[in-house]
Amino acid sequence: MRKVFAIGKTSVVRLMRDRLNLFFVFVLPTMLIVVIGVVFGSGITPRLGILSVGDGEFEMEIVEELMAVDVFETTLLTDRGEVVQAVERGELELGVVIPEAFDGTIAAGVAAEIEYLARPSGSGFEVQAIVQGIIDDQAARIRAGRFLVEEGLAPDLAAALAVVDAASVGVAEVEVELDSTSPMATVGAFDLGAAQNLVLFMFVTSLAASAALILSRKLGVSKRMLSTPTSATTVVAGETLGRFLVALTQGLFIAVVAALAFGVDWGYLPAALAVIVAFAAVGTGAAMLIGSTFSNDEQAGGIGTFLGLGLGALGGCMVPLEIFSPTMRQVAHVTPHAWALDAFSELIREDAGFGDILNELAVLVGFATVLILLAAWRFRRSITA
Amino acid sequence: MGDNSQPVPVLVCADLRRTFGDRVAVDGVGFHIERGETYGLLGPNGAGKTTSISIIAGLLERDAGSVSVSGQPVTTTTVEAKRAVGLVPQELAIYPDLTAAENLMFFGKLYGIGSNALAQRVDEVLEIVGLIDRRDDRTDEYSGGMKRRLNIGIGLLHSPELLILDEPTVGVDPQSRNAILTSVERLGADGMAVLYTTHYMEEAERLCDRVGIIDEGRIVAEGTRRELVALVGERDRVELAASGDLAAAATALRGLAGVDDATPGDGSIQVVVESASARLAEMLAAAVAAGATVTGVDIYEPDLEAVFLHLTGKALRD
Ligand SMILES: Nc1ncnc2c1ncn2[C@@H]1O[C@H](COP(=O)(O)OP(=O)(O)OP(=O)(O)O)[C@@H](O)[C@H]1O
Ligand SMILES: [Mg+2]
Numbered sequence: 000m001r002k003v004f005a006i007g008k009t010s011v012v013r014l015m016r017d018r019l020n021l022f023f024v025f026v027l028p029t030m031l032i033v034v035i036g037v038v039f040g041s042g043i044t045p046r047l048g049i050l051s052v053g054d055g056e057f058e059m060e061i062v063e064e065l066m067a068v069d070v071f072e073t074t075l076l077t078d079r080g081e082v083v084q085a086v087e088r089g090e091l092e093l094g095v096v097i098p099e100a101f102d103g104t105i106a107a108g109v110a111a112e113i114e115y116l117a118r119p120s121g122s123g124f125e126v127q128a129i130v131q132g133i134i135d136d137q138a139a140r141i142r143a144g145r146f147l148v149e150e151g152l153a154p155d156l157a158a159a160l161a162v163v164d165a166a167s168v169g170v171a172e173v174e175v176e177l178d179s180t181s182p183m184a185t186v187g188a189f190d191l192g193a194a195q196n197l198v199l200f201m202f203v204t205s206l207a208a209s210a211a212l213i214l215s216r217k218l219g220v221s222k223r224m225l226s227t228p229t230s231a232t233t234v235v236a237g238e239t240l241g242r243f244l245v246a247l248t249q250g251l252f253i254a255v256v257a258a259l260a261f262g263v264d265w266g267y268l269p270a271a272l273a274v275i276v277a278f279a280a281v282g283t284g285a286a287m288l289i290g291s292t293f294s295n296d297e298q299a300g301g302i303g304t305f306l307g308l309g310l311g312a313l314g315g316c317m318v319p320l321e322i323f324s325p326t327m328r329q330v331a332h333v334t335p336h337a338w339a340l341d342a343f344s345e346l347i348r349e350d351a352g353f354g355d356i357l358n359e360l361a362v363l364v365g366f367a368t369v370l371i372l373l374a375a376w377r378f379r380r381s382i383t384a
Numbered sequence: 000m001g002d003n004s005q006p007v008p009v010l011v012c013a014d015l016r017r018t019f020g021d022r023v024a025v026d027g028v029g030f031h032i033e034r035g036e037t038y039g040l041l042g043p044n045g046a047g048k049t050t051s052i053s054i055i056a057g058l059l060e061r062d063a064g065s066v067s068v069s070g071q072p073v074t075t076t077t078v079e080a081k082r083a084v085g086l087v088p089q090e091l092a093i094y095p096d097l098t099a100a101e102n103l104m105f106f107g108k109l110y111g112i113g114s115n116a117l118a119q120r121v122d123e124v125l126e127i128v129g130l131i132d133r134r135d136d137r138t139d140e141y142s143g144g145m146k147r148r149l150n151i152g153i154g155l156l157h158s159p160e161l162l163i164l165d166e167p168t169v170g171v172d173p174q175s176r177n178a179i180l181t182s183v184e185r186l187g188a189d190g191m192a193v194l195y196t197t198h199y200m201e202e203a204e205r206l207c208d209r210v211g212i213i214d215e216g217r218i219v220a221e222g223t224r225r226e227l228v229a230l231v232g233e234r235d236r237v238e239l240a241a242s243g244d245l246a247a248a249a250t251a252l253r254g255l256a257g258v259d260d261a262t263p264g265d266g267s268i269q270v271v272v273e274s275a276s277a278r279l280a281e282m283l284a285a286a287v288a289a290g291a292t293v294t295g296v297d298i299y300e301p302d303l304e305a306v307f308l309h310l311t312g313k314a315l316r317d
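Protein chains in written order, with numbering that gives the first Met the number 0: chain U, 0 to 384; chain W, 0 to 317.
Quick caveat, the hints were computed from the structure, so don't treat them as lab data. Glycine residues also receive a C-beta, built at the ideal position from the N, C-alpha and C atoms. Incorrect hints may have been included.
What the hints assert, rightly or not - These stretches of chain U come out as covered by chain W in the derived footprint (C-beta under 8 angstroms, 3 or more residues):
{"id": "1", "segment": "56-65"}
{"id": "2", "segment": "80-94"}
Stated by the list, open to error - Computed cross-link-like contacts, BS3-like style, restricted to lysine-lysine with a CA-CA straight-line distance of at most 27 angstroms:
{"id": "3", "chain 1": "U", "residue 1": "Lys8", "chain 2": "U", "residue 2": "Lys217"}
{"id": "4", "chain 1": "U", "residue 1": "Lys217", "chain 2": "U", "residue 2": "Lys2"}
{"id": "5", "chain 1": "U", "residue 1": "Lys2", "chain 2": "W", "residue 2": "Lys146"}
{"id": "6", "chain 1": "W", "residue 1": "Lys146", "chain 2": "U", "residue 2": "Lys8"}
{"id": "7", "chain 1": "W", "residue 1": "Lys146", "chain 2": "U", "residue 2": "Lys217"}
Next comes chain U alone, as it looks inside the complex:
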C-alpha cells in the first residue's frame, strides 16, 4: 500500500509541475462545462415550436398540455418550412410537427406519427423526452378507448373515452400523484443534462492519463519499477490512484460548479459522491488499459478521444437513454456511462438513497476492478514480453 501511495503521489506531483497538462486536465474541461452548462442549464428556457394546422380534439389536447409545461417556452406555428428554418437557426430547440388530419387518423383507428425536428448538438433531445411523455399519456388513453370500442363496450371512440376517463377516477388520484411528480420529472430532464456532461467529461479527461503511463514506459522508469520488488499490479494501482485523484477532483469541481452556478440538484449528496468516485475509478482504469496497450501517446490520445466520445454517445451522454429503443438501451449498458447515468437519474429524479443505487455502484466498481487488473496484466506484458 505504501508503494501504491508513493507511485500515486509521484504521478500527481509530476502532473502539477506541468502547466500545459494542468490546463488540459482542469481548465479546459471546466471552461467547456461552463459553456455547455450555459446552454443546458436552467439559465435559459428551451424553446419549443409546435406545428398544428388542425383543430381536432386530440390535437388541441396535446397543444394545450404542451403549452402548459412551463420549463419551456412554446410557440405555435402553422408552416412546416418555418419550423424547419427556426430549428436550423437555433431559434427553437425542438420542433414538434403534428401531422395534418391528426384527429381523423386517430378516429380511423390508425396510428398517427408525430415528427420531431432538432439539431443534433442542441438540447432538443431533452425537450423531446418530455414531449414524448405527454404524447405517450394521450396515446395510452386512446388505446384504452379503442379497446372498449373493439370489444363492443362503447359505441364510438368519444363515448369510450368518456368511459375511460370516468373509470380512471380512481386511477386519476394516482395520476394526480404522478402529475405532482411530473414537474420534477421535467426539471429532471435538464438536471440530467448536467449529469450527462459530468460523466462524458470525466471519462474523456480521465483517458488523458493514458499518455502519462505511456511516457513512463518510454522513459524506462516503468521497467525500472518492475526491477524493484514491486508487482505490476502495484505499479498500475499506483498510477491509477494518482490519476484517479485528479479525475475525482475534476468531477467534484464540475458537480459543484453545476450546483452553484446552474442550480443543479444532485439529489442525496453522499450517494452522488459515491457515483462520482466509482466513475472516476472506471475512467482511470480504462486509461491505464489504454496506456499499457499502446506505445505511442499520440495514438493513445486519438483512441482515447474517440472512445470517450463514442462510449459517451452510446452510453446516453448526448441523447438521453429514455428516448433510446429498448434494444439500444440494453446495448448502452455495456458502457459504464449508462450505469452512472442510471444512478444519477435515480438520485436526481426519484430522490433515491444509497440503497437504490447499490446495483449501479457495484457494476461501476466491477468495471474499475476488471479494467485495472487487465491493465496490470497488459502492463507487465508490455515490458517483459
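Chain W with the ligands: place on chain U using the hints.
Okay, now just chain W with the ligands, sitting in the frame of chain U:
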C-alpha cells in the same frame, strides 16, 4: 540437509535462451557470480548483453533457462527476490521533472527502504555518485554524465547483494567515467557482487575479477584476464617501425624460432612472437640483415582485445 559449508553464489544463471522472431538474441548463456566478485560480460553491440541482463533481472520472458539470486529463483512475476538486485539499465531511467533527491526517494520506497533510513541513505548515495551539491535540481537540468551517475545511484540505494550495471559509461566524459569506475571498484571491494557489461576492453580489464566474452548470444570464453589471455598463448605483438625492403625482412623474421607471423605494412612490420623481450635482439639482427632499417620498436602484451580477435576473428568495436 544441504551442504552449508559451500556458500550459495549470489547469482547463478544457466542455459538462458531468448529469440525475437527469427533472431536468436541469447543462445545458452550461463555463469555464476560469487559474493564480492565483479563479473564482466564483454561483447560488441548486439552480442546479447542487455537481453541476458534483462532476463536475469526478471524483466524479460525467456524461452529457456534458469536464474537464481542468493538461491531464490527469479522470473518476470517474481517480486520478493528482486530485493536482492539493483539494476542500472543501459538507457537512463529517471524522471526528468523530478530532482535527484525526489527520484531517489521514490525508488527507495519501491525498494522498501523505511522512511527514516531512506532520507539518510539518499544523501549517502548522492555523496557516492558526487551529486550532493545538485540534490534539489531537476534532472532535466543535468549534464549527460550527471544523469548517468544518478542512474547508477538509484541501483545502489538499497545496498543490493547483486548490482547489475549495463554499459554504465557509454556517452560519458572521461572524468565522469573514471569516477564511475572508481565507485564500482569500491563497491566490489566492499563485498557487493557486480555484474558489469561493456564493450570496452579496458573497463573489463580494470574492474572485473572474471570476464565472460559474449558474441552472437553465446559466451565464447570465460575466466580471469590471465586465463583468457592464455587462450591466445604467451604471445606478444611487436611492431617494428622500419624502412627499406620490408617484404624481405618479414620473410626473414618468419624464419626465426618462436615467431608465429610477420606481416609487412606501411612503414612497419607486425610480428606475433612468443616472449618478445627474449627474442628482440635476434629479430632486429634478422631484419637488418635482410635489408631493412629499423627506427623503432613497440611491444604489446596480449589483451582482451586480442583474445576477442583470436576467438571470433572480429574486432570488439566496429
Ligand atoms: N525487443 C527486441 N525486439 C527485437 N529484437 C531485439 C529486441 N531486443 C534485442 N533484440 C536483438 O537481440 C540482439 C541482442 O541485443 P542486445 O540488446 O541484448 O545486445 P547488447 O549486447 O546489449 O548490445 P549493445 O552493446 O548495443 O547494447 C540484437 O540483435 C538485437 O537487435
Ligand atoms: Mg545493451
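Results of checking the hints against the structure:
1. Coverage of the segment 56-65 of chain U by chain W is violated. Counting CB-CB distances below 8 angstroms, 0 residues qualify, and the rule asks for three or more.
2. For the segment 80-94 of chain U, the assignment as covered by chain W is violated, since 0 residues bring a beta-carbon within under 8 angstroms of that chain's beta-carbons and 3 are needed.
3. Annotation: proposed proximity of Lys8 of chain U to Lys217 of chain U holds, straight-line Cα distance about 20 angstroms (limit 27 angstroms).
4. Annotation: proposed proximity of Lys217 of chain U to Lys2 of chain U holds, straight-line Cα distance about 21 angstroms (limit 27 angstroms).
5. The hinted pair formed by Lys2 of chain U and Lys146 of chain W meets the criterion: a straight-line CA distance of about 24 angstroms does not exceed 27 angstroms.
6. Distance hint between Lys146 of chain W and Lys8 of chain U is fulfilled; the C-alpha atoms sit about 23 angstroms from each other, no more than 27 angstroms.
7. For the hint linking Lys146 of chain W to Lys217 of chain U, the alpha-carbon distance of about 16 angstroms falls within 27 angstroms, and the restraint holds.
Hints 1 and 2, counting from the list given before, are not met by this structure.
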